[in-house]
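Okay, here's what each chain looks like letter by letter:
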Amino acid sequence: MARTPDRQIEHLLRRAGFGARPDELDLYGQMSVDEIVDSLVEFQSQTDDVDSKIGKPGYVGTTTRGVFSPNSNITDARQRWLFRMVHSDRPLQEKMALFWHDHFATGYTKIAGALGATEGTRYMAAKPSEDAGGVRGQLHLFRDMALGNFRDLLTAIAKDAAMLVWLDGRTNFKAKPQENFAREIMELFTMGVGNYTEQDVYAGARVFTGWNLQRPGSAADGSQHYEFFYSAAQHDTDAKTFSFAIYPDGGKTIPARAAAAGMQDGLDFIAAVVANPNTGRYLAKKLFRFFVSEFREPDESFVNRIAGVFLNSRGDMRRVMREVFLSSEFWDSRSYWARFAWPVEYVVRSLKDIGWTGFSVDTALTPLANMGQTLFDPPDVSGWPGGPNWISSATMLARMNFASTLAGNQRFNLGTASKSSGANPRSFLSYFMDQIATSQLDTGVSAEWMNYLTMTGTWTGTDAQLQAKAAGLVHLIAGSPEYQLQ
Amino acid sequence: MKVTRRQFVKGGVAAFTVTFAAPEFLSDLARAQGARTRNLVVLNLSGGNDALSMLIPYNDPFYYSRRPTLAVPAGQVLQIGSDSSNIALGLHPRLTGLKQIFDQGRLALVQRTGYENQTRSHFLGTDIWSTADPSNSQGLGWVGRYLDSLPSPVDALVGWNATGALPHILQAAHTAVPSIPNPATYAFASPNGGAEATAERSIATRISSHVPVGQPELALVYESAAAALATLGRVATVATYTPSLTYPNSGLGQALRAVAGAMVRGIGTKVFYVTTGGFDTHSAQNTIAANGAYVNLMATLNDSLLAFYNDLKNQGLLEDTLVLSFSEFGRRISENGSQGTDHGAASTMLVMGGRVSGGLYGTAPNLNMDPQNPTLENNAGDVHYETDFRSVYARVIDGWLGADSTKLLNGDFRKGSLTFV
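Those sequence lines, one after another, are chains A and B. Read in this note's numbering, the first sequence has 642 at position 436, and its numbers run on one by one without any break. Read in this note's numbering, the second sequence has 167 at position 134, and its numbers run on one by one without any break.
Note that these hints are calculated values from the structure, not bench results. Keep in mind it's a predicted model, so treat the numbers as computed, not measured. Glycine is no exception: its CB is placed at the ideal position from the N, C-alpha and C atoms. Warning: the hint list may mix true and false statements.
Claimed, not checked - Now the in silico label distances, taken between C-beta atoms and shown as ranges:
#1 A:Lys259 to B:Ser168: 49 to 55 Å
#2 A:Thr324 to B:Ala107: 39 to 45 Å
#3 A:Arg209 to B:Ser168: 48 to 54 Å
#4 B:Asn282 to A:Ser335: 39 to 45 Å
What the hints assert, rightly or not - To be clear about the criterion: a stretch of chain A counts as covered by chain B if any three or more of its residues have a C-beta under 8 Å from a C-beta of chain B, and this derived list gives those stretches:
#5 321-327
#6 368-382
#7 385-392
#8 586-598
#9 649-660
As the list claims (entries may be wrong) - Negatives, chain A to chain B, calculated, CB over 10 Å:
#10 Pro228
#11 Ser278
#12 Thr281
#13 Val407
#14 Arg617
#15 Gly678
Just chain B, same shape as in the assembly:
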């Protein structure tokens, strides 16, 4: 069982002194100066995405022999050409929107991303992808470290977590990221009306506006209350955002709708975190039939990202936005007896945005069951990584966020062939 945010336990007070007093006008000032904010949207496909059903090597005979019920027929995949190893690839048939974005050159697919001795544990795996540190998976999140590196004072809305609980990837030493699962319900209630209600809010705000000394855990609670009270007003402006098109009603679709709203309102957020789950497809994965489990996962992904992409395009914000996906692991190549797939290793990452150089990066695995097959591991049971996931992070950090990846990742993971941004 993971114990996350252990820095509060171990790090003591020094690890936790938060400056909250960032004035509201920071983002206004930035806008007035004509600065455009680059946004990073981190998308977690939670549960372990079966990348072989998302990006399909449809000419590999082992794909069919090892997946008798799960293989998508070659005639149904959305062909997108071949990678540098001449393996023909196609997107899952439900990814018609992502195919459009790929054809516009704004979607990059980085194949076989992972790391050495990749864990098959959901929890350890998520910690490792979150910290970008397989050797210390209980440290701060890599996005949190990026936020910590920004010059202070940072704005209270510099980060935006679209889920209820703060994910490990956003955990920072001295940057508080508000969690805003739904801007419409992000409000302060009172049992009284009028002056009493105003007084309650004022007192709650005053109490939470300082940080208890020597009590890091209590300080976390104070800081979270303060983050809520300090951001209510601006988040309310996001709740009134009317998008240029209709977003799907899925959790991901609605989260991305709010993210687009935050961008359009220009509230100054640099990093957003969204997630969609259900990828732990051990049984009845059903990659083909209408409303099959994996088909629905792809539908959620496709429809949400397409709406987001087109909305941002309409709003003129596409070039400011980069979406980066990750999942804790890929899945085993051979299907199991429950028409599903168990936990595996390397997977495929998606990078989407108006300044992305789209295309296929890295090479697909060869699914031949020969235990010596170098693209596989675990007796040819799982996909072996080709690109360290930190190399993808490094490119995003250096090429998009404009920070120094060697510092944030504690090492040089740069890989020249990753020119997606």
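Excised from the complex, chain A in its bound form:
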């Protein structure tokens, strides 16, 4: 059986997941690249039991204040998602969920401001099997449809309770259409800016009039909840004309329809923007930046190829992503380490590289905010600006300081694990450089790390020294510029 070198597995898992745990390296090391990609993309064949491991020994910890309530408390929801990123055996599912969370960026703060903190968490993060009203929070929509059909996903998002609050669809009534969702579905979710007009925004707003919320269920048993509701009485029944094709025959006008049938307007519009050639290209470029490289522009051939798969498969994201991970561009040596790690990528990869026993993901939440990323609270509807915007003096301090916190927390584990390499500073340094992969180190960096090991006195190799030096060295490695690339 073909085996895959660690270097390739790590590259693939940094992108298709959140780094590689030692057991993941063992598992995937037995497979060929094609088999690994197959396993990642066809993740439904892996058991989805990660949540049942929360709170069990051997896994990263969570911190509870009373009962762990990830369906109703946003802090706990953040902890559960981080836990999944560390321990899921379906890494690509969590990675795609993050990609979609950024793509359809919805902010908890506004939802909670409108509906309260408990309900806000519910519509962002509730697991349907654990909610009295069967509410599927937005994150679970992203997990369920992580590699599904893009049109289905877009339709589900247009009906998603959190989105209907976030972009004000719940108050989109025929007397005065609300433009917020109509603009962003064209600008940010599908075709991209420059491919629609202000008149399209007006017409799009009218298309989605009546796509509102209702609140069925009983308050007594907790099943009361908000859900999508097509309000025929609030729908603008007149025809709507666009600057781009809505129908396959090139027709640009959604016909006037009776109010009862008016929901079809929105479905026609969604089908049109998904089929619009600009959408596949827009997504292809975004996928290139997130999964392949943000240090170079995507080649035209990549964009054409991925947009072609998207268009021909009518938005089948599983096929699209398989194409991305098997592309020559993905495996081009220029693509290795050619992204700035997102804060959650950095934090989770650190845990996988350095260790998690005795560490609680709760401890990572404030550092993540200081690095610029609070899960469920992107800064605005365009998501996190990303790329070089992640890197500033403040965020570098936050990253270095997180490395310090984690290294300090793991000092005993690190000291013990490195004991057999503790005979001299050189073997000690080799051990850690082998454990924690970074991008190609710049000139002099490893010499400076060596310097650190020797500058405070004689090398004795005592447990106390190994622990101190292990923590200090891991702090320097995980806080190094090279480790911030991904």
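Following the hints, position chain B against chain A.
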């Protein structure tokens, strides 16, 4: 979706060689020589400020007919006179502090600022206001270009970004601006104590003190780490600043408190960047009731700027300071069905400071819905710009920063009537 700081991708190495070794004594030297540092504080009202609720044409009947739930009653606005087109204007009732500053002649309001074919996109709009270049909104920020134009070596604290991520407006080719959202937590932690901790910091500083060759992206990370390590000490002195009054607890209030601290400590910063968000008021904008969304936005703006103004006055630094606001767009004139307003076009800029010639600049729009109304655009849906926003920048660059606006803005945008500074 925007791809900012693309120069790192496209510009290659030449675009990115940073000199960090600026000695700490630069600012000390400047102070010893009695030079006073002029400060520019750029204030971003993020989300698209509804200028018509901030500076209100309270005698325009269309203001009321087009905003049945959002119009502020004429009796409540803080009247500040009429502009040169004889349109009577008033500040939002919550802007009592800005009214005081206006009455002292230290607040200028530049009406109907924008540009041709103004975008209604938050992201493209912010890029355009940041670069001052509607035709190439992915270039360097205009403040970044100003910093690049300063004679080297520039001090590591020549700029101060009070937010966590570097905004586009501060992006420069070879000037690194540190991001300091909170001086109190701007510190280097270590898992060890004593000599080990000192060694870690020393090694981290040594590693980050050079710039990788041929790798602009990695160089950015190095440079950011170096900027942090080089400024920790001086930023710590700002953290201990005790203002002459209490600042509001809002993000903006606390950011301006730190800015005042940096000025009082005389650390040599020339440009500060602060921001306050929440202006994307598509629904429940509520311009009137206590704790209404827009009322709260105005409260944050008013209370923070008033505290800053008075603190600087008490510290004798007001005459060294100029605050300039921008927002990516104004909002539609007619309210929507959600008691909010959607994305619009031209807006109003604020300029505040001890040497500002306050007053009303430019003219207010006439809100008549006639599609031919020249002060409006988009079938009279939005406010049409009268003053190119780059003309306001040009005045600040020429008249305050003492640089050449035609160079920094790649063109002559000077407008003689803008005499606010």
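Evaluated hints:
1. Checked against the hint of 49 to 55 Å, the C-beta distance between Lys259 of chain A and Ser168 of chain B comes to roughly 54 Å, which is consistent with it.
2. At roughly 42 Å, the beta-carbon separation of Thr324 of chain A and Ala107 of chain B lies within the given 39 to 45 Å, and the hint holds.
3. Taking 48 to 54 Å as the suggested C-beta distance range, the pair Arg209 of chain A and Ser168 of chain B conforms, at roughly 53 Å.
4. Checked against the given bound of 39 to 45 Å, the beta carbons of Asn282 of chain B and Ser335 of chain A, roughly 41 Å apart, stay inside it.
5. Only residues whose beta carbon comes within less than 8 Å of a beta carbon in chain B count, and the region 321-327 of chain A has 0; fewer than three means the coverage is violated.
6. Given as covered by chain B, the region 368-382 of chain A passes the check, having 7 residues with a CB less than 8 Å from a CB of that chain where 3 are the minimum.
7. With 3 residues carrying a beta carbon less than 8 Å from a beta carbon of chain B, the region 385-392 of chain A meets the three-residue requirement, and the given coverage holds.
8. Counting residues of the region 586-598 of chain A whose C-beta lies closer than 8 Å to any C-beta of chain B gives 11; at least three are required, and the coverage claim holds.
9. With 7 residues having a beta carbon nearer than 8 Å to a beta carbon of chain B, the region 649-660 of chain A meets the requirement of three or more and the stated coverage holds.
10. Every CB of chain B is more than 10 Å from the CB of Pro228 of chain A (nearest about 22 Å), matching its label as outside the interface.
11. At roughly 24 Å from the closest C-beta of chain B, the C-beta of Ser278 of chain A stays outside 10 Å, upholding its exclusion from the interface.
12. Even its closest Cβ contact with chain B, about 20 Å, leaves Thr281 of chain A beyond 10 Å, as expected for a residue assigned away from the interface.
13. Look at Val407 of chain A: its CB is around 7 Å from the nearest CB on chain B, not clear of 10 Å, so calling it non-interface is violated.
14. Some Cβ of chain B comes within 10 Å of the Cβ of Arg617 of chain A; the nearest lies about 6 Å off, and the non-interface call is violated.
15. Non-interface status of Gly678 of chain A relative to chain B is broken: a Cβ of that chain comes within 10 Å, the nearest being about 5 Å off.
Consistency note: the structure conflicts with the earlier hints numbered 5, 13, 14, 15.
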